[in-house]
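Q: Protein chains in written order, with my numbering: chain A, 1 to 248; chain B, 1001 to 1290.
A portion of the hints provided could be inaccurate.
As the list claims (entries may be wrong) - From chain A, some residues computed to sit far from chain B (all C-beta separations above 12 angstroms):
1. V23
2. I48
3. F54
4. L91
5. S118
6. T158
7. Q162
What the hints assert, rightly or not - Now the stretches of chain B that chain A is said to cover, found in silico as 3 or more residues with beta-carbon under 8 angstroms:
8. 1107-1113
9. 1122-1136
To be verified - Quick list of simulated restraints, FRET-style, between CB atoms:
10. A:Q143 <-> B:G1239: 29 to 35 angstroms
11. B:E1148 <-> A:L61: 49 to 55 angstroms
12. B:P1069 <-> A:S90: 36 to 42 angstroms
13. A:I6 <-> B:S1135: 51 to 57 angstroms
14. B:G1165 <-> A:I150: 32 to 38 angstroms
15. B:D1105 <-> A:W114: 56 to 62 angstroms
16. A:R100 <-> B:G1239: 43 to 49 angstroms
17. A:S90 <-> B:D1105: 35 to 41 angstroms
For the record, the hints were derived by calculation from the structure and aren't laboratory data.
Predicted model only: the values in this text are computed from it and were never measured.
Note that beta-carbon positions come from the ideal geometry of N, C-alpha and C, so glycine has one too.
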Amino acid sequence: MRRLNILIGALSIPLFLAAWEVVARSGIVNMVLFPPPSIVAVAVLEWIRSGQFFSDFGASLYRVVTGFTLGAIAGVALGVLTGQFPLVSSLLSPIFHVLRPIPPIAFVPIVILWFGLSEAGKLFLVFWGVFFTVWLSAHIGVQKVDRGLIRAALMLGTPRRQMLQEIVLLGALPYIVVGLRTAVSISFYTLVAAELAGAFSGIVYRIEIAQQNLQTGQVMGGLAALGLMSFVADRMFATVAERAVWWR
Amino acid sequence: MMQIRQRPDPTLALVPSRPPTAAGPAEVLTTIQVSNLSIVFDTPQGQVIAVDRVTFSVNQGEFVCIVGPSGCGKSTVLNTIAGLEVPYSGEVTVDGRPMQRPRPDVGMVFQQPHLFPWKSVRSNIAHGPRMLGKSRGEARAIADGLIEMIGLGRFADAYPHTLSGGMQQRVAIARALANQPRVLLMDEPFGALDAQTRSVMQDNLLELRERIDATVVFVTHDIDEAILLADRVLIMSAGPGRILRDLGVDLPRPRSNAIMLDPAYIALKKDCLDLIRSEGRRAFEQSTAG
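Bound-form chain B, shown alone (with noise of 0.2 angstroms):
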C-alpha cells in the first residue's frame, strides 16, 4: 500500500538563499578570504609555526580543493575557517564576517563522522535545524529528505554503530547539511574509508555537488581525489604551511571517477605530481643540510 506524505524537497531545502546582489549575474562574489593567515603552535621545542602567511580566496559555489602532505597545516586552515581555531595573524572572513567562533553558516564534515552514538541516524540530522530553533516537525521533515537524498531510508531509525563507515560519512554530510550552511567544510572525510568505498562515496559527492549550492572546502592529501571532485586545487607545502600553487581545474561537468583516464585529468595530474616531488625534494634537501 502506498502511503502519500507530504516531503519538502530535498534538493529546494538545500539552497541557500543568496545575498540580494545589486550588480548582474555575471559578478563574482567572494564567500571566503583568507588573509596573511598564519598560526603557531606552542609545544614543549617552543613556537612552530604550522601555517605561514596564507592567502586565497573562495568564490560562491566554488568547490576548491586543499591538497598536501600530512602535516602541512591544511587541517588547520580549515579549522580556522570553521572558526574552531583562532589565527596567530590575519583573518578570515566569510561572506565579510570575521570567523571567531563556530556559526552555523559553516558546516563541516570530518575525517570521523561522530555522528552523536545514542541518536538515531534521523535524530543527528535532526539536531542542527533543532538547535536553530525549529520545531521538532520541521527538524524532522528537513531530516527525512536528507536521509532520501543520501540513500539510508531504511536505516532512519538506525543508531549510527550499526552502519558502515561509508554510511555513517554519508550521515555526516546530510548532518552537515541539514542546517543548509553557506559553506561545508570538509576534512578528508574519506580519509578513513577504504578504497573502493571511497570512489563510491567521490562519485555520490560529485553527483550532491550538482544538487546543492554551498561553496565547499575540502582537504586531503590524494591528488586524484582533489582533481576529481574541484574547481580548483590549492597546493600546500609543510614546514611550514604555504600555498604553492592555485590550480584551476578545468574539466567538464558532471564529473565521475572514469574522468581519471581523460587526457587532460592525466596532463593536470602530472603537473600536480611534479610540482610536489621537485617540493619534496627541496624539504628533504634542506633538513638533512640542517
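If we strip away everything but chain A, and leave its shape as in the complex, we get (with noise of 0.2 angstroms):
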C-alpha cells in the first residue's frame, strides 16, 4: 500500500505534464494561449541560452534577499524592542497597528512617485512587506517569554544585557522563526507587485514583457521559475528554521 502510493507520487506531475500536453495540441484549445509544456520548455531553454534568466533571476533574487534581510532586521529589533520596553511600544505600537493592515501592494502608487523606477522602489516595498510581519511575531514573542524564567534569571543574578540576548530574545525565537517563515512568502508577493509596477529586468518584469509579446510558453516558463524559487526560498527556511530552535 505504501508502496502503491510513493509510485502515485512520483507518477503526479509526469502525468500532469502529459496531459497538458495532449490536452493543448489535441485542437480543443487554443495552443497560442494555452501553449503545451514543451513549448514552454523550448522558450525557458531560449531564456537561458539568451543570458537573460540569470540577470532577471538575479534581479528578483537580490530584490527578494535585500528587502527581507532589511525588514527583518528592523522587524526584530522593533518587535524586541516594544516587547521589552512599555514606553518605546505606547510611543510605536499604535503607529504601527494603523499601518499594518494596509495590504503592502497598495503602496505601489505612491512608492512610484517616492522612488520613481528606481531599486530603493522595489526594496522598499519588499522591506514594507516584511517589516510589520516580523514586528508583530517578535512583539509577541517577547512578551510571552515565560514570566517564571526571567525571574529564575534575576535570581540568578543575570544583569539587563544578558537578560535581552540570552532568555527574553531566546524565549522570542520560536515566535521570531514563525513570522519569518510567513515574511518568506509575503516578500514575494511584494517582488511582484513591485517588478509589475514597472522594471527592467526580473523574473516578473520578463513574464510581464512575455505576456505583452503574447509569447505564452515565456509567460508560463516565467511562472514556473518564480514558483521553483519561491519553493525553494521556503523549504530553505524551513531547514533553517528546524535548527535555529535547537533544543526542541
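Put the complex together from the two separate chains, hints included.
A: Here it is as C-alpha cells:
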C-alpha cells in the first residue's frame, strides 16, 4: 500500500504534464494561449541560452533577499524593543497597528511617486511587507516569554544585557522564526507587485514583457521559475528554522 | 579506560565563607530578619492584606519551613525575602542588608523548575556563576561538580525537556546552589511532583542538607514535609496571613522518610494538626458569620 502511494506520488507531475501536452495539442484549446509543456520548455531553454534568465533571476533574487534581510533586521530589533520596553511600545505600537493592516501592494502608486522606477522603491515594498509581520511576531514573542524564566534569571544575578540576549531573545525565538517564515512568502508577493509596477529586469518583469508579445510559453516558463524560486526559499528557510530552535 | 580529571570538590565549593565572628562559636548569628512585614495587594475589589505584620528571624545555617493553607501569603513572604516583592510596610534583611531586589547571595527554587529550555543541564547550572563574572571554564567546573552531586552525570548535555519532573527540579536546585548562596529559598519545590518522586526528593534534600551550609527557608502546605525537613516550622494562617506558631523540631539528624513512624514525630504532627484544625474552624465561623 505504501509502495503504491510512493509510485503514484512519483507519477503525479509527469501525468499532469502529459495530460497538459495532449490537451494542448489536441486542438480543443487555442495553442497560442495555452501552449503545451514542450513549447514552454523550449521557451525556457531559449531564455537561459540568451543569458537573460540569469540577469532576471539575479535581479529578483537581489530584491527579495535584500528587502527581506532589511525588513527582518528592523522587525526583530523593533519588536524586541516594543515587546520589552512599555514606553517604546506606547510610542510605536499604535502607529504600527495603523499601518500594518494596509496591504503592502496598495503602496505601489505612492512608491512610484516617491522612488520612481528605481531599485530603492522595489526594496522598500519588499521591506514594508516583511517588516510588519516580523515586528508583530517578535513583539508577541518577547511578551510571551515565560515570566518564571525571567524571575529565575533575576535570582541568578543576570544583568540587563544578558537578560535580553540570553533569556528574552531566545525565549521569543520560536515566535520570531514563525514570523520570518511567513515573511518569506510575503516578500515574494511584494516582489511581484514591485516588478509589475515597472522594472527593467526581473522574473516578473520578463513575464509581463512576454505577455505583451503574446509569448505564452515564456509567460508560463516565468511562472514556473517564480514558483520554483519561492518553493526553494521556503524549504531552505524551513531547514534553517528547525536548526534555529535547536533545543526542541 | 579511566580518565582522571581535576574537579573541585563539590562539597567544598558549596560552603559559603562565614563572616568573621569576634565572639566564640556558641554565638548564634541571625541571617534573615523579617520585621513587621505587611504586604497589601491592589485588586478590583479594593486593597487586600495578604501578609499582616509578620515577624520572625532565621539563624545562620537553620532550615525553616513555613506551612500554611494556600492563599495564606507564605509564598509572598518568600518572594519578599528573595527581593522579588517589595514590602508594603516593615522590612526584610539578609545579613543585615535590606532586600530591595534579587541578590546573588539569595538563591531560589520555584514550584516549577523554570529551567532555560535552550540550555543544557550543564549550561543551566553554569548560568549563575557566568553571570557573576566567572570564566566559562570555572563556571563549567562548578556545574560539573554539582551535576555529580545530584547524580545526573549522564545527563550533563541533555536539554531540560528530555528529563523527568523530579530530575528537572534537581537541576533547578543545583542551579540555585551554583552561586553558593548564603540563603536558599524554596517555594513548594516538590509540590508539582507525584508522591513517590516527592519522598525521594525529600530524602535527597535531607542528604544535601548535610553537605551544604546555606540557610534554608522552605515553603510548603504539607505538614509532613515541613516536620521531616525543618529545624523549625512556622505555621501560618490565612486571611490575612499571620504566623500562628513557631515550632522547634527536635528530631535527630540525619533524617529520612523513615522518621515519620517515630512517636516524637507523630506527637509533633498531632500538635500541628490540632492547631491548624482549630484555626480552620475559626476562619470558617468567621467567614460564615460575616
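Q: Just want to verify: A:Q162 was marked as not at the interface with chain B; is every Cβ pair farther apart than 12 angstroms?
A: Violated: least Cβ distance 6 angstroms, not greater than 12 angstroms.
Q: At 12 angstroms, judged by beta carbons, does A:I48 keep clear of chain B as stated?
A: holds, 44 angstroms
Q: Are 3 or more residues of the region 1107-1113 of chain B near chain A, judged by a Cβ distance of less than 8 angstroms?
A: holds (count 4)
Q: Does the Cβ pair A:Q143, B:G1239 satisfy 29 to 35 angstroms?
A: Once the Cβ atoms are compared, 33 angstroms apart, the range 29 to 35 angstroms for B:G1239 and A:Q143 holds.
Q: Check the non-interface label on A:T158: least C-beta distance to chain B beyond 12 angstroms or not.
A: At about 5 angstroms from chain B, A:T158 fails to clear the 12 angstroms cut-off, so the statement is violated.
Q: Would the non-interface assignment of A:L91 survive a Cβ cutoff of 12 angstroms against chain B?
A: Non-interface label stands for A:L91: nearest chain B Cβ at 26 angstroms, farther than 12 angstroms.
Q: Does the hinted range 35 to 41 angstroms hold for A:S90 and B:D1105 at CB?
A: holds, 36 angstroms
Q: CB of A:R100 to CB of B:G1239, is that within 43 to 49 angstroms?
A: holds, 47 angstroms
Q: Assuming the hint says 51 to 57 angstroms, is it satisfied by the Cβ distance from A:I6 to B:S1135 or not?
A: holds, 54 angstroms
Q: Is the nearest CB of chain B more than 12 angstroms from the CB of A:S118?
A: Label holds. Min Cβ-Cβ 42 angstroms, cutoff 12 angstroms.
Q: Beyond 12 angstroms on every Cβ pair: is that true for A:F54 relative to chain B?
A: holds, 41 angstroms
Q: Is the gap between the beta carbons of B:P1069 and A:S90 within 36 to 42 angstroms?
A: Holds - the Cβ-Cβ distance for B:P1069 and A:S90, about 40 angstroms, lies within 36 to 42 angstroms.
Consistency note: the structure conflicts with the earlier hints numbered 6, 7, 14.
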